[in-house]
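Peer 1: Please model the complete structure; the sequences and the hints are all you need to start from.
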Amino acid sequence: MPQAPNLKRAFSLLLDSTVRLDFLLPNGIILPLELDSDLSLYEAKEELWLMAAKQPLFHELQPKEHYIFSGINSETADSEEFYDQSLRLRELPLLLPYLLVTEAAQDSTLLEENMQNSAIANCTGISHDDIVRASELNPEVKWARVRLRRLANMHRKLLQDSGPSGLAQYLTAAAQRMVSRSLQVMLDQMGALTVSAWILDSKDQTNESEVFVELGIGATVQDALTRLLELQTELADINYNRRSTCSQLTVKSDWNSVKPPDVSAYLLKICCSQAYLFDMSAPLVSFEYVQRCLEEGRYPCLSPVLRKDVCENLVRCLGVSSSANIEEKSYRNATLSAPRRPFRMRDKWTSETDGPSTLKRGDVLRDCSPYKQLEKLARTPHDWMEQDALSGKDLGELGLEPVSSLWQLNGYLCVEVRSAKFLAEAAYLSATQSTPSTPLLASPASLLAAAGSYVVRVGLFHGSQTLIESKTTVQMPGTHLTWNKALNFRIRLADIPPTARLCVALIRLDEGSRSGSTTEYPVGWANLNFFDYLGIMRSGEVTLHLWPASLLQSTDERFSRLYPAGTVLENPNPDFVLQIRIHSPVKNPIRRPTLQSYIDAYSLSATTLTGSLMKSERLVQPSRTPVISAGFINQVFDTDDLEDVYDGLVDSRGLDGSSASGDPTHNLNRSSDVPNDTPCYNEPVLRELVTRDPLYELSEQEKTELWQGRLFCLKQLPEALPFLTQSVCWHCRVNLMEFYDLLQRWPRPLRVPVALQLLGAMGLNASASIESAAMFSSTTGNGQRGGASGVADAYVRELAVDSLYHITDSELADYLLQLVQALKAEAYLDNSLSRFILFRALRNPLQIGLQFFWLLRSEIHLPDMRLKFGLLLEAFCRGSGPLLTFLARQVTALKRLETISARVKEHGNEDEQRAQFRKEISRAEARRDLQWLPSPMCLSQRLGELVVGKCDVKRSKKRPLWLVWTNPDRLAIHHLSQYQLIFKHGDDLRQDILTLQLLRVMDRIWKDEGMDMCLVPYGCLATGPEMGLIQAVRNAKTVMAIQRERLRAALQIDNTQLFKWLTRHVRKSSSGGSTPTNHELGVPYDRLIQNFTRSCAGYCVATFVLGIRDRHPDNIMVDTSGRLFHIDFGHILDNRKKKFGITRERVPFVLTKDFITVIAHGNADVVLGAPVTDTGGGGSRDIHLQKFAQLCAGAYMLLRKHANILLTLFAMMLPSGLPELTSVCDLEHVRKTLAVEMDDSQALAYFHSKFNEAYYGAWTTKIDWFGHWMNT
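In the numbering used here, the protein residues as written are 1 to 1272.
You may find that some hints are simply not true.
Taking lysine-lysine pairs in the DSS-like style, the calculated list, with each CA pair at most 30 Å apart, reads [stated by the list, open to error]:
#, residue 1, residue 2
1, Lys421, Lys372
2, Lys1007, Lys957
3, Lys471, Lys485
4, Lys957, Lys905
5, Lys954, Lys1262
6, Lys1137, Lys1037
Simulated restraints, written as ranges between beta carbons of each label pair [stated by the list, open to error]:
#, residue 1, residue 2, range
7, Asp38, Glu906, 39 to 47 Å
8, Tyr805, Glu234, 42 to 50 Å
9, Gly297, Gly218, 18 to 26 Å
10, Glu65, Arg955, 46 to 54 Å
11, Asp38, Val364, 46 to 54 Å
12, Asp38, Asp367, 49 to 57 Å
13, Tyr805, Ser453, 15 to 23 Å
14, Ile1263, Arg748, 53 to 61 Å
15, Val364, Asn909, 55 to 63 Å
Honestly, the hints are just simulated from the structure, not real lab data.
We put the beta carbon where it would ideally sit given N, CA and C, even for glycine.
Peer 2: What follows is the structure, given as structure tokens:
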């Protein structure tokens, strides 16, 4: 697939009031026309046809309705068909001012398919032709696409058959989550659950009545709905009687004053949103919205609505039953063009499994049987597909000879390096002499032009662990490089593990003129799975399209220039190609053993091993040279352990499970000779090891202990599996046989932290300790990424993924950011993790799907991930059915904002920028793109009209756009009248996203442990390279804005201003003991102080652990409920800003006297006194400050208790290329702050010392804040 050109959407190409376009007609005539740029494509076609009627050969044309326009897309450089006839000429993303008039497909099915492909291409940023072309060129792409599309098509048919109710559930079902311990304590203390609701009078739609209902703590949705409908009936009866009395007429009532309405015909709607409570049997407190309201001290606001209204409005909104625009009933006079492809409920779709019948009332869509069938398809192991694909019949059709088993081979690995070729395109680029300081930033062509010789280095890896010492060719000068050199590796083909990969690098050697030393500069690299996607060993001639050296991380002398953690896909636009030949001892294809083959071989060997050892004199074959080199990392199984070679002990399994001769058990390891029931392990050591953090580097002795105690771990310590994988000798078949046998019997499902460690956090230190250490070193921040981590073995990863099927959607959403990064470590395009995430994203678009889409979309520009992520995006868009309409609207809106932001930045003056911004969003086409669409942050939030008067350009460096929309919900005036988002272009928001996600995880940890620290982890979404959206927190101001209200506070002299501002928002007591409403401003005084104290403690601990720096009063905010929170996380992991070489921040976290004054209830004279100690001594005499110190210590110890999950999440982000998270060394700060090497008492004393340091050093923070105020 071609790499996407670095081109922007060309809204500016046709910006003039009139534009000149060349139209290419099907009859061969080219008509240049000058048209108004505000014309739609439909209107332009009318004008074109009037002019074409005056030209020759007009009679050759069909009616204009049979044609559409197409042009060259400026983003993909591919042809794009424009099916939306309402698009204006100025909006077309044209690379060149040409439009081709093409005949649209007349077959309705083909036309709909083309329209869907066009919509998918618009959403993914990859043209349909690119995907098809890649499938034709690469059989693995075709294979993966077929599997993913099978999953997508099955889900799409499921949606089509689910009926309107199922469709409504799919797009509007409210999110649920397990009740935390802190909330459960709150519920136990509550006498009843109070719910507010708005009852609408069907006779008079302007008549709205708010009611409050007290329910039991365990009340279900049905209980609440029944009670609210009873109240609605009572109110309707009262209103009817009042109207009847006033008119003094006797009429038949339209209301049934005896029986309430049918409960099954109604749903509960979350007020001011488009989310509904469909699961009637679920407790109210299981919904995230209700939980959030209770934690914030608000009443949940729910309203009963007719189920049929919800379904009909949604169907009408999506254009399911008609192609009309969105009606006023849904969005207050909104207008929107018809969806690219209508989604039909009963559209016929080829599938092997029948879809569900129309969903019945009360059924939960995600629990229906077709979803279980869909899950079964997603969990289908790869081995099953291998056996299906490699049946004897299929082999004949493919023209392949009978397949040999890898275990039948006695040869060694031999790779012949043939030649390297510099492609012509590189030679024409201007060459710049590279220097040792900037070799990675130079283009490949500049390296070509530089003087020097070239070598090729080849290595064999399992993940990031080298299996054998790498080999290097001799030097070859010049630009026409031919080696024809065979590199022999001392490892048997039969010993190569299933997930091994060959890593190749082309390196330029530069001999220093003075020192005489030789410096290596990597030119390009490539990786190749040793076994292809069907399990067939690579052999014969292979042409490698090298990736540029700029994707590497460092030029450290220790680095072997190989990049085992890089992609195995080929570079679609290479500057260099390298030809190698992998020698095979036989002519026919060679297949790697399956998992069952290993297990069967071990089972057979286990029954004969004891007797065979007694008769070793007769069984020993002539000695062979060991296959392990001195460069092997895992020294548990050293060379001496492999001297005894046994052949023929195990009758290995063939492809079809039948017996086949071979050599499956040579190089028996002495550690494997120990009988299984021999207690030769040290149990205390094993139990201590499993408590270690995932970044702990095992010693060789500890690896030996783990392997010897493997059976004990199987039965008693299943969480030891991540560490056990580090003690496996991956190059030894016998050890692999036993390990796979253990893996089959391992208790499942694994705990979530264990599964995540296997997928992305183990083996980092092992891979970094020898040759790959420099790969993870510092980077220049130009999109270069650290290597993917985790256990490379596909069967281990399948076990980890299989365990994730058991977690809830809310828990999966917490870890989705890391799981998307773990996709980069997958060796094959079709893998269990891809299918799992795709399945869950399709099943729940609100919690998983939308986030999944934008996580992939924001990294689709990466050349090495473009194909892998593109296949997943295509499958998701194809299988999500009507959701595609919403995604297309969101993508268009974000492109519009990107263009507007670029135009605003063209002006230097703030007033000019603000005027240009409001002018741009006032344009008709901008309003059409930016209004009446679901928010990219949350599908249940519908953005209404832009409030232009409140939209603004912020003063910060990147000039973010402050956007305000109305809430179109009719009850929005009572609760949430506007939505506010910030669009930022020019900043990498991924580091903010990671920090906010970790804050959410910390918040969940504390709540599950019974502590609510009142954090505010606001929403943040990356939508592309260096751009995204940020949720604006309502009713909040920065500390700097609060201090500016008084000069003494801004000068950092007055420490009481923050407390005074907060107390202005205290809720006054309700008069007459009436029930307070949700609209009353402020919160009670005690709750306000409690909110501030808890949130301040939470952020003190969190910022300390995460090493969040650059804390000044403009990125610390407080809302009117008292919650303090931090924003703008540009510096984490203790990366401190410096000025003139001096580090400004000198405290571990921010705890100024302003905060202490609020915590002490306004006592500005409170002091800490003696330092706080872990024995309870010292501290302040003020009881509030004492409790605050204890709260911080308790929160810290709880995070330390869950240190493994936090470190795992950090480690899994290494492949992301974040500017301040590029190496394992960066994670040492978190290991240090969490004191993972200390016991509890030592860790508590350590935190108390940091608390004292922050308090007594607060004066330095005040000086920094004063300087910040002076600079602003």
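Peer 1: Determine for every hint whether it applies to the structure shown.
Peer 2: Hints and how they fare:
{"no.": "1", "hint": "Lys421 to Lys372", "result": "51 Å, violated"}
{"no.": "2", "hint": "Lys1007 to Lys957", "result": "37 Å, violated"}
{"no.": "3", "hint": "Lys471 to Lys485", "result": "11 Å, holds"}
{"no.": "4", "hint": "Lys957 to Lys905", "result": "10 Å, holds"}
{"no.": "5", "hint": "Lys954 to Lys1262", "result": "25 Å, holds"}
{"no.": "6", "hint": "Lys1137 to Lys1037", "result": "24 Å, holds"}
{"no.": "7", "hint": "Asp38 to Glu906: 39 to 47 Å", "result": "22 Å, violated"}
{"no.": "8", "hint": "Tyr805 to Glu234: 42 to 50 Å", "result": "47 Å, holds"}
{"no.": "9", "hint": "Gly297 to Gly218: 18 to 26 Å", "result": "21 Å, holds"}
{"no.": "10", "hint": "Glu65 to Arg955: 46 to 54 Å", "result": "52 Å, holds"}
{"no.": "11", "hint": "Asp38 to Val364: 46 to 54 Å", "result": "48 Å, holds"}
{"no.": "12", "hint": "Asp38 to Asp367: 49 to 57 Å", "result": "50 Å, holds"}
{"no.": "13", "hint": "Tyr805 to Ser453: 15 to 23 Å", "result": "53 Å, violated"}
{"no.": "14", "hint": "Ile1263 to Arg748: 53 to 61 Å", "result": "56 Å, holds"}
{"no.": "15", "hint": "Val364 to Asn909: 55 to 63 Å", "result": "56 Å, holds"}
Going down the numbered hints, you'll see the structure goes against 1, 2, 7 and 13, while the others check out.
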